[in-house]
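Chemist: Chains A and B, in that order, give the protein sequences.
For the numbering used here, count along the first sequence from 1 and bump the result up by 1.
For the numbering used here, count along the second sequence from 1 and bump the result up by 3.
Note that these hints are calculated values from the structure, not bench results.
As the structure is a computational prediction, the values presented were derived from the model and not from experiment.
Some hints could be false.
[Stated by the list, open to error] With a cut-off of at most 25 Å between alpha-carbon atoms, the simulated SDA-like pairs for lysine to any residue come out as follows:
no.: 1; chain 1: B; residue 1: Lys70; chain 2: A; residue 2: Thr13
no.: 2; chain 1: B; residue 1: Lys70; chain 2: B; residue 2: Ala137
no.: 3; chain 1: A; residue 1: Lys41; chain 2: A; residue 2: Leu92
no.: 4; chain 1: A; residue 1: Lys3; chain 2: B; residue 2: Gly291
no.: 5; chain 1: B; residue 1: Lys160; chain 2: A; residue 2: Glu5
no.: 6; chain 1: B; residue 1: Lys70; chain 2: A; residue 2: Val49
no.: 7; chain 1: B; residue 1: Lys47; chain 2: A; residue 2: Leu88
no.: 8; chain 1: A; residue 1: Lys3; chain 2: B; residue 2: Lys143
no.: 9; chain 1: B; residue 1: Lys149; chain 2: A; residue 2: Glu6
no.: 10; chain 1: B; residue 1: Lys149; chain 2: A; residue 2: Ile75
no.: 11; chain 1: B; residue 1: Lys47; chain 2: B; residue 2: Gly291
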Amino acid sequence: MKPEEAAQRLLTAGLAASILLFVVGLTGYLAVGCADLLGKILLIATMVLIATPFLMLTAVIVTHIARREFCNAIITMFVFLLMLLSLVLGLKH
Amino acid sequence: MEPLTLITIMLTLLPIGFLAALVGIGGGTIVVPLLTLVFHIGIKESIAAGSVTVVATGIASASRYLKQGLTNLRLGIFLNMSTVIGAMAGALFTLTAPPTVLYFTMSALLLYVGINQITTSKAEIARIESGSFAKIRGDKLAGLFKLSSSYYDKASKRKIAYNVTRTPVGLLASAFAGFLSGMLGIGGGVLKVPIMNLIMNVPMKVAVATSKFMIGMTAATAACIYMEAGRVNPFIVAPTVLGISTGALIGTRVMNRIRADRLKVIFGAVMIYVGYLMLARALYATTGIELPGCLK
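Please work from the sequences and hints to get the whole structure.
Modeler: Following this line, the structure appears as structure tokens:
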């Protein structure tokens, strides 16, 4: 599988899952108004959305390695680590 | 929050998602002022919601553009290497220096590049028709990382090959764009697109698609931090994400059908608008003069 294909599939799946949860949560809130439970569903939807780019990068690394594109795999790993590092620095700050 | 307000937010953000997908920006620079000025949502909650919506437009657009063969994934990840480093440095620099001077600089830069994009829009078409994107030789770094590629342009009904060049300059410029983004808290699409298009010989449509892909990645980090800090209000995020994603998905269907020169004019106009917002903010901070649409 090409890295582009893996990235596209993961992004589509992540977006679809989060949108589904957003729709369920928001429709439920507008219809029933149970803010506590539906707020949690919306929060999970947000988490799924935010986690998607990280998962996508992992998939791209795996496909690059499988295709023996080691230069691109190293660069992608480096970007992934940088994102994690900025996340850690941001959380500490 | 009132159900009517939630629906209004969703519908208002739909055209912004459309525009963001069309020109390769995250949309945060438009969403945040809109949420604060029009819907009277607190600035901290608006910024947090803005960062999540940038992730949403990034993912929605990137998934479609990857399928259309427009996104240059290798180039996006390669440039993100220096962008993320620049953004980290910029975010740290913000702690020690007031960004007012940078707002003035950034606004001047955006206004200049915005006007430049509009005035050179016809040249893009001429380059596509003459095949000059493929005639320029790619550099060694671009060859090593397989950055050069091609795409099918639906508007001109032809396959456009392009060779990525001046990669080291592009890397440095991306680091600078990241630095400004980190300092000013913006996604940086307004800088990434011209860097790829004007410096690195990347066609406008590929630059837009690749910029969307890059923005989605970097914004996820900021969104995580806001989430951990408890600033993400899911009842504000839900309608913004649904509205902006729907708009972005429609935008991705339209972008490749638009003539490249028109796309550059739209992009230039957006840059001039964002430049104006920056100028308004800097003027307010230094002189107290409040221009229309100013985000205090």
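Chemist: Decide, hint by hint, whether the structure agrees.
Modeler: Right, here's what the structure says about each hint:
The straight-line distance between the Cα atoms of Lys70 of chain B and Thr13 of chain A is roughly 10 Å, inside the 25 Å bound, and the hint therefore holds. Distance hint between Lys70 of chain B and Ala137 of chain B is fulfilled; the C-alpha atoms sit about 22 Å from each other, no more than 25 Å. Restraint check: the Cα-Cα separation between Lys41 of chain A and Leu92 of chain A comes to about 22 Å, which is no more than 25 Å; the hinted pair holds. Restraint check for Lys3 of chain A and Gly291 of chain B: not satisfied, since their Cα atoms lie roughly 54 Å apart, outside the 25 Å limit.
The hinted pair formed by Lys160 of chain B and Glu5 of chain A meets the criterion: a straight-line CA distance of about 23 Å does not exceed 25 Å. For the given pair, Lys70 of chain B sits about 21 Å from Val49 of chain A by alpha-carbon distance, which is consistent with the 25 Å threshold. Of the supplied pair hints, the one linking Lys47 of chain B and Leu88 of chain A holds, its CA atoms being roughly 19 Å apart against a limit of 25 Å. Restraint check: the Cα-Cα separation between Lys3 of chain A and Lys143 of chain B comes to about 23 Å, which is no more than 25 Å; the hinted pair holds.
Under the criterion of a C-alpha separation no larger than 25 Å, the hint pairing Lys149 of chain B with Glu6 of chain A is consistent with the structure, at around 16 Å. With a C-alpha separation of about 14 Å, the suggested pairing of Lys149 of chain B with Ile75 of chain A holds against the 25 Å cut-off. Proximity of Lys47 of chain B to Gly291 of chain B is assessed by CA-CA distance (about 22 Å); at most 25 Å being required, the pair is judged to hold.
Hint compliance for this structure: hint 4 alone is broken.
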